[in-house]
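Chain by chain, the residues:
Number of protein chains: 2
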Amino acid sequence: MTTAQLSVAFFLQVAVIIAVCRAVGWAGRRYLGQPQVMGEMVAGVILGPSLFGLLAPNLQAGIFPQDSKDMLYVGAQLGIGIYMFLVGVEFRQDHFRANVRSAAAVSISGMAAPFLVAAVVAPWLMNLQLFGAAVTPLQAWLFVGAAISITAFPMLARILHERGVTATPLGSLSLASGAIGDAAAWCVLAVVLARVGDGSLVAVKAIVGGGVFVVFMLTVGRRLLAPLGRIVERQGQLTPGVLATVMIVFMLCAFAMDYVGLHAVFGGFILGAVMPRGLLAQELKRMLEPFTVVVLLPLFFTYSGLNTQLTMVDSVGLAGVTVAILVGSILAKGVACWAAARLTGQSNATSLAIGALMNARGMMELILINIALQRGLIGPALFSMLVLMAVVTTLMATPLFELFYGRKARARGELGALQAVEDGDRPVTGAVAP
Amino acid sequence: MTTAQLSVAFFLQVAVIIAVCRAVGWAGRRYLGQPQVMGEMVAGVILGPSLFGLLAPNLQAGIFPQDSKDMLYVGAQLGIGIYMFLVGVEFRQDHFRANVRSAAAVSISGMAAPFLVAAVVAPWLMNLQLFGAAVTPLQAWLFVGAAISITAFPMLARILHERGVTATPLGSLSLASGAIGDAAAWCVLAVVLARVGDGSLVAVKAIVGGGVFVVFMLTVGRRLLAPLGRIVERQGQLTPGVLATVMIVFMLCAFAMDYVGLHAVFGGFILGAVMPRGLLAQELKRMLEPFTVVVLLPLFFTYSGLNTQLTMVDSVGLAGVTVAILVGSILAKGVACWAAARLTGQSNATSLAIGALMNARGMMELILINIALQRGLIGPALFSMLVLMAVVTTLMATPLFELFYGRKARARGELGALQAVEDGDRPVTGAVAP
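So the sequence lines, in the order shown, correspond to chains V and R. If you use the numbering used here, the first sequence corresponds to residues 2 to 435, in order. If you use the numbering used here, the second sequence corresponds to residues 2 to 435, in order.
If we strip away everything but chain V, and leave its shape as in the complex, we get (with noise of 0.2 angstroms):
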C-alpha cells in the first residue's frame, strides 16, 4: 500500500469508525441505559473480526486493511494519552489527600487480593496449556495477577466524567485507586516481560524511570509549569504558544513513560494532574476535548476490537474455563475493593460503587493482553478468554454503578449529568464552559 492510498483508506475508515461509534453508543444509552463509552467499546468488537470480519470478511479487509492498523494504533495512541492528560487536569487533589487511607487501601487490596487468586488460577490455566510453552509459573503467576488486578482507568475516568462525579469524593478516591493500581499492575507487567528475555534491565528502567517521573513532576515539574498558568491569566486567554508549549510537554510526558516501559497514559495523567488550575485548565478542556473524545477516541476503541476474536472460544470446556476466570476476577478485584473502602471507612453505597467501577478492566486489559500475546506469554484461547472477561466485567459496572449508588445520587440531587447522558447527547464541555 502506497502513502498516498494509506491516506484514503484512512479518512473511508475514520468516517465508518466515528459512525458505528455513535450509533451503537447511541443505541446503548438509549435501550441499555450504557454510557456512551461501553457503546463506543463494544462498536470496537463489532467493527472486527468478531463481528463485521464474520459477516464480510472482504468488506471488513477493505475498510481495515493490514497495513492501515499501524496508523489507527498512533492515532489511538495520541487519543488516549490527550484524554488521560485532561483526566489529569480535572483531578482533584484535595479530595485525594483527604481519602489518602481510602485510596491506599483500595489499591492495595485491588492488588492483594488479585494477586491471592492469581496463585490458584494460573498453575491451572498452565496445566491446560494456555500459555506460551517457555513460560514458567512465576511468570504465569505474576501475568495473571496483573491481568486480574488492572482496572480500566481511562473508561472508569469517562465513566464518572459521563456521570459528572468526577470531582467527588467517589470520583477522585476511584480514580486514584486506579492509578495507582494500574502502574503498580503495568511495573508487574514490565517485570514479566524482564524474565521473557528483554532483560532484566526492562523491569529496573519502568520501576526507576516511572518513580524519578512522578516524583520529578511532582515537584520541579509543578514548579516550571506554574508560569504557564500565570501567563493565561494574565492575557486572559490561551494563545497558540502556551498552547504549543503544553503539547509539546505533553508529547514529552508521553514519549518518556512510553519509552521506560510503562504506557502513555501515565505521562498524560500525570502532567494534567500537575498542571497549573483555572483559566489555563478550563481552555484545555475546551480546546482539546471535543477532537479528543468524538474523533480520536473512537480510534482506540476500534483499534482494541479489530485485535479481539471472540470466535476463539468455542467449546464447553473452554467456555467453562472463562466463566471460571470471570468469577475470580470478580471476587479478587470488585468485591475486595468493596470490602477494603468499607472497612476504611467509606459508606456501603459508595464502597459498593467503588468495587463496581474497579471491577471494571475494559481497554487497558485489552493493551495489556494483546503485549502478552504479541510476545508469546500467552497463546490465543486464553488471550480471548480474557477479552471476554474484560468485556463482561466492564458491561457490568454501569448498571451496578447505578443500582449501588446513580440512582440514590440523582434522587439527592448529586447526579444533576445523568439525565442528560441517559436521554440524549452530553454537551461538549468545550460549549458549557464559562
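Note that the list lumps identical chains together, so a pair holds whenever it fits in one copy or between two copies.
Simulated crosslink set (SDA-like; lysine to any residue; CA at most 20 angstroms straight-line):
no.: 1; residue 1: LYS70; residue 2: THR4
no.: 2; residue 1: LYS206; residue 2: ARG376
no.: 3; residue 1: LYS206; residue 2: GLN6
no.: 4; residue 1: LYS70; residue 2: ARG376
no.: 5; residue 1: LYS206; residue 2: VAL192
no.: 6; residue 1: LYS206; residue 2: LEU13
no.: 7; residue 1: LYS70; residue 2: GLN6
no.: 8; residue 1: LYS206; residue 2: PHE217
no.: 9; residue 1: LYS286; residue 2: ARG223
no.: 10; residue 1: LYS286; residue 2: GLN238
no.: 11; residue 1: LYS70; residue 2: GLY54
These aren't lab readings, by the way, just hints derived from the structure by calculation.
Got chain V sorted already, so can you dock chain R onto it with the hints?
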C-alpha cells in the same frame, strides 16, 4: 519497527516538530516580519535532509525513522484537510459573488499565462534531461504548466487569516481564484498522470468526480446540512452528536476527493463552504482550530520538509536553470494575476496584493511535485529546483503583500489583527470567539 515502537517514536517526533515550528515561526515573525506559517514551512525544511539530516544524519534518522513517515503523512493530510474545512467555513460567498467577474479573470489568467510560459520552458528542461525517460513533450508541457500555475491555497488562506482579512473582498477574491485555479491544476495533473500509465480513466474520474461532487454539495449537500445549523441554534450549543455528524461528513468528503484522484483538501474546503453559518460555524472553528493549527499543521510542514533535498542543486548550471524557472514562474503567475485583477476594475493595491499572494506556491507545489517524483515524471534535480521555486515565491509573498497592501490598509485601520501577529502570538480564534 513494531507497532508499539511507532507510537513511542511518534510522541517524540511531534514534540520536536511542534518545538521547532514554534521556535522558527517566532524568529521569523520577530526578525523578518514573516507570518507564523512561513516559519513553519522553513522549519519543515530545516528538520529534513537539507539541514538537520545534513548536520546530524544519525540523530535525524533516529527521530524521523523511515517507518514512521506514513504516520506523519496521514497526520499531515488530516491536519490540512480539517484546516481547509475551517477555511471553507469562513469563506464568504457574498464577496465571492460580488467579485465573480474578477475571480474568473484572475483564475483564468493564473492558468493561461503559466501554460504559455510552460510551452517555452518545458522543451528546454526536456533537452536538459530533467524529465523521466518515457515522458512525452505534451506531458512535460502540462506538468510544468500545472507546477507554475498552482497556488499555495492553504498557505494563502492562512496568511489572509493571520492578517485578519479573510472576510474582505481581497480575501474572498484571492481564495476563490486560488481554489478555482488549484482545482484546475490538479485536474491537469490527473490528465498527465493518466497518460503516464495509470489508464486514461484516471483523468475522467478526477474531472467528472470533482465536478459531480461540487455540484452535489452546492445544491443537495447544502440543503441536507441546513438542519444541523438549526439544531445547534435551537440547543444553543454544539453537542458531541452534531460534532460527530460533521466529522463523519468531513471524512467522507475528504475520502471522496482523494478517491477520485484530486486531493482531500478540496473535499474539506467545499464542505466548509456549504456548511450552515451562525453558531454552528462559530463553534466548529472554536473546537477544531486550536488542535489543528498547533498540533496537526506542523506535521504537514515537516512531512513536506522531509522530502525536500535542497542539496540537489549543486552546480552553476543547475542554479541558472533554477533562476530561469523562478523568473518564469513569477512572471507567469504573479504578474499575470495582477494584470487580470487590474483589468477587471480592482484597485492597484488590491491587484498587486492578489498577484503577490497568488504567486506563492508553498506546500501545494510540494505535494504536486512529490507525486510527480514518485511516478517518475521528473527527476530529483528538477524536483529540487521546483522546491526552491516554491520556497522563494512563498517567502516573497508576505513582504510584497505588506509593501503593496498591508501598510496602507493598516494605516486606514483595516488590518487590526496585523499588529498582534507581528508583536506576538495571535490569539487562537477559539479563545476570543463571542
